[in-house]
Amino acid sequence: MSENTPTSQPVSSALQALTDKLLKLDDLLISCMRCGFCLAVCPVYGATMKEADATRGKIALLEFLSRHMINDPEAVNDKLTRCLLCGSCQAVCPSGVKIMDIFLHARSIVRDYLGLSATEKLIFRSFLARPKLFNALLGLSAKFQGLFLKEADPALGTHKAPMLSSFIGERHFPRLAGRSFHSKVASLDEAAGSSGLRVAFFPGCVSDKLFPDVAEATLKVFRKHGVGVFMPDGLACCGIPALAGGDMAAYHTMVGENLALIGGAVVDWLVTPCGTCAATIKEFWPKLADGYTEKNKGVIRDLHAKTIDITAFLSDVLKVELPAASGGKTRVTYHDSCHLRKSLGVFAQPRSILKSLPGHEYVEMAEAERCCGSGGSFTLKHYDLSKQIGKRKRDNIVAVNPDIVAAACPACMMQIMDMHSQHGDRVKVRHVVELYAEAL
Amino acid sequence: MPIDPSLVKEFENIAGKEQVLTEPADLQCYSYDAAVLNPVMPALVVAPADKEQLCKTVKLAYDNGLPITVRGSGTNLSGSTIPQGDGMVILTNRLNKILEINEEDLYAVVEPGVITAQFAAAVTAKGLFYPPDPGSQSVSTLGGNVAHNAGGLRGLKYGVTKDYIMGMEVVDYRGELIKTGSRTVKYVTGYNMAALMAASEGTLGVFADIIIKLVPPPKASKAMLAEFDDVNKASEAVAGIISGHIVPCTLEFLDQNCIRYVEADTKAGLPVDAAAILLIEVDGGHPLLVEEDADKVMEVCRKCGSTNIRVARNAEEKLKIWEARRNALPALARARPTTVLEDATVPRSQIPAMVAAVNAVAKKYSLEVGTFGHAGDGNLHPTFLCDRRNKEEFARVEAAVDEIFDVALKLKGTLSGEHGIGKAKAKWMEKETNRATMEFNKNLRRALDPKLLFNAGNKFV
Ligand SMILES: Cc1cc2nc3c(=O)[nH]c(=O)nc-3n(C[C@H](O)[C@H](O)[C@H](O)COP(=O)(O)OP(=O)(O)OC[C@H]3O[C@@H](n4cnc5c(N)ncnc54)[C@H](O)[C@@H]3O)c2cc1C
Ligand code: SF4
Ligand code: SF4
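Residue numbers (the numbering used here), protein chains in the order written: chain A, 157 to 596; chain B, 85 to 545.
The reader is advised that the hints may include incorrect statements.
To give a feel for the contact side, a few chain A residues facing chain B, derived at Cβ under 8 Å [what the hints assert, rightly or not]:
hint, residue
1, Phe193
2, Ala216
3, Val232
4, Lys235
5, Gly252
No farther apart than 25 Å at their CA atoms in a straight line, the calculated lysine-lysine pairs in the DSS-like style are these [claimed, not checked]:
hint, chain 1, residue 1, chain 2, residue 2
6, A, Lys537, B, Lys181
7, B, Lys447, B, Lys526
8, A, Lys584, A, Lys543
9, B, Lys475, A, Lys177
10, B, Lys351, A, Lys254
11, B, Lys181, A, Lys547
12, B, Lys297, B, Lys241
13, B, Lys270, B, Lys297
14, B, Lys210, B, Lys303
15, A, Lys547, B, Lys101
16, B, Lys297, B, Lys135
17, B, Lys181, B, Lys101
18, B, Lys263, B, Lys496
19, A, Lys453, A, Lys443
20, A, Lys543, B, Lys101
21, B, Lys181, A, Lys543
22, B, Lys143, B, Lys263
23, A, Lys537, A, Lys485
24, A, Lys180, B, Lys303
25, B, Lys535, B, Lys143
Keep in mind that the hints were calculated from the coordinates and are not lab data.
Keep in mind the model is a prediction, meaning the values are calculated, not measured.
Ideal placement from N, C-alpha and C gives every residue a C-beta, glycine not left out.
The following block holds chain A by itself, in its conformation from the complex (with noise of 0.2 Å):
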């Protein structure tokens, strides 16, 4: 029997280097018990049924990588990134290993060793991290979209986009919003309203672009709910994109900027409708603040306590009342973030806002909680993948038949009017907030 034994093959002085970088993870690779339990709720697992695409076979290869048993980088990368960084497994892990931190400094770990691609260098480093370029190339490209979009299914909003197939593939997505959000309302810093509250917000790149209707949704209820809005000019991406993708000059690059834009105001809460972007302020800006001025820390800190999505906004913080409705015609199911459920513990607030919409019938999906496989540079890099694990997801909606599904995370509408436009289904997809607000 032939045990693994580390290779006897000589190392290159940069592979050592990047071992000796990820011995360090090694006390967080330890804990994994290989008891298997994130195989049942791994999306990229459910969908290949490939141990190297759970959880477990990737924090193994880490392990192995580290310790010289496997001594391909680029092979452990290309397994690293088939991953949603959906959290689904650390929600299950028994053994409480901090998978998030291990994948997400592993994966700059072995970027800085391979490099980042040409293509996720230009988004990251050109687009996201410069939000006025980013937005005025978008304002360009909504302008002419005609010219490489096609109509897909009219009845769901959604566009084909052959020409650019070999960037995103078949994906059937939103037309680039006619005008964003940030084209209509720049920047605004009220005082506090009637309730007393004043709060920073947060739109987020998706809703911005993509669906400028949710973050108007959610100042329309800012203004009803007596809520006075500071939005400065030029907030950068969150910077999840980058993290994701290994690029921690980017990342870092996007936090700050945010930061100058957001640290010197009082406010009581920061709200934002995407369950991405709350997870990522107030989740992984803390984890990842060692290098930062004590100021920018304070900051994060207040963030942390600050942040939140716009449901729980409304649930637990306005404490809207919300009766019940009855006898509703519209059916409605809801699709459960993974940021918003797993990480920050938000799924009772949507259900509840949901089962209170008059008009409107509440049926809960299976699986509601399972990941929808949308996930940043994921859906660009592995579409197919993400196609087959939202193929699931979408099958669960179409189940309990309903009218409308709702989400309260941009990023996952956006996937999952992909599923349903690619099968012609008569479902439309609807942020929570966008529900909410019509009810008022």
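Once you've looked at the hints, dock chain B with the ligands against the given chain A.
What follows is chain B with the ligands alone, placed relative to chain A:
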């Protein structure tokens, strides 16, 4: 040793290129399971999609002398899916269809890769009940359950996996399908090979499908938690409950160390000064009968000196009561990097002796240990906490585990109640049995596997 490319090609022709893995990064992911043993990378992994592909895969491997390790979800704790370095792994996870759930005749037919909890849920949805509930049910496969004769919390009243196998089809070493058992309650027309396959640990053949017995679900249940200031008293309560002719569906035990680890981790307000707690659930066909049984159980516990008893009045409280048990393994696992989960089993009456011995052994080797388990059937899980990177400490754990087996055997118990033998305990088999038994089993094995390719190095070696 890499496998001949032309042979790889043949496997690809059977299962498809996508489903044959040869890259080290893929292969490394099948080098381990949940046992704390050193990983061994296989030379090849194949994932057949149906019975026909499975038969062809086994035949091709066997004809070419490749050692074969069948793998479900790789959650076993005995190393029985750690492959041979020059061998192959056959995955069952794509053989995951529930073929039939028969509500009239109370059986189901499944492929071996169906996940236990998903099967149980599908059965529940039809108003029926599949009781075996190993702690790993959210991920374990039914094939793996059969091959390890998995038990669970409900073992005392409802039995374990073997009690639900009515029949199966097994791929033999020639790649032929062998049928045994039937869809009927009674069956005497052949050897009871299905029973032989339970706990065979992948050494006799590969299950292709399994006929599973189903039962009607209980209509009511009641859960309670009883605290004791002495393990002996808890044990007397267990004996008293059973001799009072009540068979609880679950009768679980946590010792003081375990309670303290759970409390440290969850701050749920557990009685950290109790020497032991029993978690008891009774169920049955009528709420009044269940009430009556619950009252009797409480009476026995009180008589035996239970210092405090809590009864769940509703579903929420029931969840709360079970929380301590649910958190036992996680709390232990989180306390130190490595968790060595044992399952030596003794006759019920010997539980106090066993718990005392475990704690004495842990003290002797200066180790941290917590014990929980299935008090109703004497199946305890002494769980040693350590760091496998610390060679010296790990050697002490190994010595302690050896000593615990010795004690279990002296108390007329067995090496393993449910986790299996695999590689981890193979060296102990003769000690529990005798030379003749070993030879008999090896002969049996050779008859079904002449080249000894099915999971060599496991069980009887
Ligand atoms: C946290 C944790 C808790 C656990 N709790 C319990 C418990 O409560 N009770 C219990 O009994 N066990 C428990 N186990 C052990 C383990 O989960 C069980 O042994 C389970 O049955 C293994 O299923 P698997 O699909 O993972 O099988 P694997 O580990 O993949 O395989 C187990 C064995 O089955 C063989 N096998 C698999 N499929 C086939 C097939 N089709 N044909 C022939 N042989 C096959 C394999 O070769 C191997 O020998 C636990 C494990 C963990 C990690
Ligand atoms: S659930 Fe946690 S401990 Fe178990 S295999 Fe996955 S990462 Fe490891
Ligand atoms: S984060 Fe999600 S996709 Fe990534 S390993 Fe965990 S469960 Fe799988």
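Against the structure, the hints:
1. Phe193: holds, 6 Å
2. Ala216: Nearest chain B Cβ about 6 Å off; hint holds.
3. Val232: A/Val232 check passes; min Cβ-Cβ to chain B is 6 Å, inside 8 Å.
4. Lys235: holds, 6 Å
5. Gly252: Nearest chain B Cβ about 4 Å off; hint holds.
6. A/Lys537 to B/Lys181: Answer violated: A/Lys537 to B/Lys181 is near 30 Å, above 25 Å.
7. B/Lys447 to B/Lys526: violated, 38 Å
8. A/Lys584 to A/Lys543: holds, 18 Å
9. B/Lys475 to A/Lys177: holds, 23 Å
10. B/Lys351 to A/Lys254: The hint holds at about 20 Å.
11. B/Lys181 to A/Lys547: Holds, at about 18 Å.
12. B/Lys297 to B/Lys241: Holds - the C-alpha atoms of B/Lys241 and B/Lys297 are around 15 Å apart, at most 25 Å.
13. B/Lys270 to B/Lys297: holds, 12 Å
14. B/Lys210 to B/Lys303: It holds: about 15 Å lies between the C-alpha atoms, which stays within 25 Å.
15. A/Lys547 to B/Lys101: It holds: about 23 Å lies between the C-alpha atoms, which stays within 25 Å.
16. B/Lys297 to B/Lys135: holds, 21 Å
17. B/Lys181 to B/Lys101: Holds, because 22 Å separates the two Cα atoms, which is no more than 25 Å.
18. B/Lys263 to B/Lys496: Not satisfied, since the Cα-Cα distance of roughly 36 Å exceeds 25 Å.
19. A/Lys453 to A/Lys443: holds, 10 Å
20. A/Lys543 to B/Lys101: holds, 21 Å
21. B/Lys181 to A/Lys543: Distance of about 22 Å is within 25 Å: holds.
22. B/Lys143 to B/Lys263: This hinted pair holds, its Cα atoms lying about 17 Å apart.
23. A/Lys537 to A/Lys485: Violated - the C-alpha atoms of A/Lys485 and A/Lys537 are around 40 Å apart, more than 25 Å.
24. A/Lys180 to B/Lys303: Not satisfied, since the Cα-Cα distance of roughly 53 Å exceeds 25 Å.
25. B/Lys535 to B/Lys143: The hint holds at about 13 Å.
In terms of the numbered hints stated before, the structure departs from hints 6, 7, 18, 23 and 24, listed from lowest to highest.
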